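Visitor: These are the residues of each chain, in order.
2 protein chains.
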Amino acid sequence: MIKNLILKNRSYRRFNQKVTIELHTLRELVDLARLSSSANNLQPLKYILSCDRRKNALIFPNLAWAGYLKDWQGPDEGERPSAYIIILRDMEISKSFGCDHGIAAQNILLGATEKGLGGCMIGSIKRQRLRKILDIPPRYKILLVLALGEPKEKVVIETARSDEDIKYWRDNDGVHHVPKRLLDDIIVG
Amino acid sequence: MIKNLILKNRSYRRFNQKVTIELHTLRELVDLARLSSSANNLQPLKYILSCDRRKNALIFPNLAWAGYLKDWQGPDEGERPSAYIIILRDMEISKSFGCDHGIAAQNILLGATEKGLGGCMIGSIKRQRLRKILDIPPRYKILLVLALGEPKEKVVIETARSDEDIKYWRDNDGVHHVPKRLLDDIIVG
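Protein sequence lines, in the order shown, are assigned to chains A and B. 5 is the number that the working numbering gives to position 5 of the first sequence; each next residue is one higher, with no gaps. If you want the working numbering, it's the 1-based position in the second sequence plus 1000.
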């Protein structure tokens, strides 16, 4: 059931860093993105893959983690992602805004979840620094970084009772709580 | 396997219009969207559902179909969608661009595919007219219309050999061909 996979696919930010991810696994995940919809079928998305320690270490400092957890600066060594997929838009193919990267990222994370992995879509990125350190040509706009690994935290869904109640939080046992709006609050017609 | 579901989930534009879709099915599909990632967990997406003939008939004339098929103006009566899910962004929650609607739309279409249905994400919309006819308040920005039904066409994936080769096309037997870029052409690092 796709619903079970969607429920299992939470945003994970702490991982068993010892568990490595192979390049062919990342390629399989990108293939899931490749096979899905793209506005006007233009397929402007391009991907940078990383699963070795050196490249991962270059990417990690350029990501911001869990904005609502003010006392937490991101995963410690040992709990960091084992791999990354950077989603780019090739501006020579399309300059327009769209949601292709949402479709692609969701496919990749659903595929990762099925493999016992998990991850997080990160949009808060030090883009200029990441571009420089990975030597990303100007034709590619950096859209998202997907952090991937074997999840090492528990995430639970709760009910958001108001607009002020949507901030995720972490309890004393390290469980991550995510308030979601009710179905009747999001269907408006 | 999620890959099988992703492969089965093509963009369908012709349907068995006689096959109706119930409101509770649309609600189940939106629930799949509700349970997934949202930037900063803000959850700005709201939804309008349609599965009755009268409302469907109001929505249909405001959609543009398959831009590359110049000789085809969209599905004829009898092959039109049985239902629609209109994805809105509530501007009082978030004004920023993002890809939440891509994530949501993909979940909905994967869920529809699992149910033996299928559909198409439509971004080419006569937005002002649709807003007026459905009386959509200004706080909601119209992002996408998902057309849904029981697919009545065959869609095949092919290989795009160049940037010029990405236009989908329909052959004399009505089969819809969609050229996708090769994996090695989209992984750039």
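One should not assume that every hint holds.
Said to hold, decoys possible - Derived DSS-like pairs (lysine-lysine); straight-line CA-CA distance at most 27 Å: (1) A:Lys95 x B:Lys1055; (2) B:Lys1154 x A:Lys3; (3) A:Lys115 x B:Lys1003; (4) B:Lys1152 x B:Lys1115; (5) B:Lys1070 x B:Lys1167; (6) A:Lys3 x A:Lys132; (7) B:Lys1154 x A:Lys70; (8) B:Lys1167 x A:Lys3; (9) A:Lys3 x B:Lys1003; (10) B:Lys1008 x A:Lys3; (11) A:Lys55 x A:Lys18; (12) A:Lys3 x A:Lys180; (13) B:Lys1126 x B:Lys1141; (14) B:Lys1154 x B:Lys1008; (15) B:Lys1115 x A:Lys8; (16) A:Lys18 x A:Lys154; (17) A:Lys95 x B:Lys1141; (18) B:Lys1141 x A:Lys180; (19) B:Lys1154 x B:Lys1115; (20) B:Lys1115 x A:Lys95; (21) B:Lys1180 x A:Lys126.
Simulated from the structure, these hints should not be mistaken for lab results. For clarity, every value in this text was computed on a predicted model and none was experimentally measured.
Visitor: None of the hints should be skipped; say for each whether it holds.
Guide: To see whether the hints hold, each was checked on the structure:
no. : hint                  : verdict
1   : A:Lys95 x B:Lys1055   : violated, 34 Å
2   : B:Lys1154 x A:Lys3    : holds, 26 Å
3   : A:Lys115 x B:Lys1003  : holds, 12 Å
4   : B:Lys1152 x B:Lys1115 : holds, 15 Å
5   : B:Lys1070 x B:Lys1167 : holds, 12 Å
6   : A:Lys3 x A:Lys132     : violated, 40 Å
7   : B:Lys1154 x A:Lys70   : violated, 51 Å
8   : B:Lys1167 x A:Lys3    : violated, 33 Å
9   : A:Lys3 x B:Lys1003    : holds, 15 Å
10  : B:Lys1008 x A:Lys3    : holds, 17 Å
11  : A:Lys55 x A:Lys18     : holds, 16 Å
12  : A:Lys3 x A:Lys180     : holds, 16 Å
13  : B:Lys1126 x B:Lys1141 : holds, 13 Å
14  : B:Lys1154 x B:Lys1008 : holds, 10 Å
15  : B:Lys1115 x A:Lys8    : holds, 20 Å
16  : A:Lys18 x A:Lys154    : holds, 18 Å
17  : A:Lys95 x B:Lys1141   : holds, 21 Å
18  : B:Lys1141 x A:Lys180  : holds, 21 Å
19  : B:Lys1154 x B:Lys1115 : holds, 17 Å
20  : B:Lys1115 x A:Lys95   : violated, 35 Å
21  : B:Lys1180 x A:Lys126  : violated, 31 Å
In this structure, the earlier hints numbered 1, 6, 7, 8, 20, 21 are contradicted, and the remaining ones agree with it.
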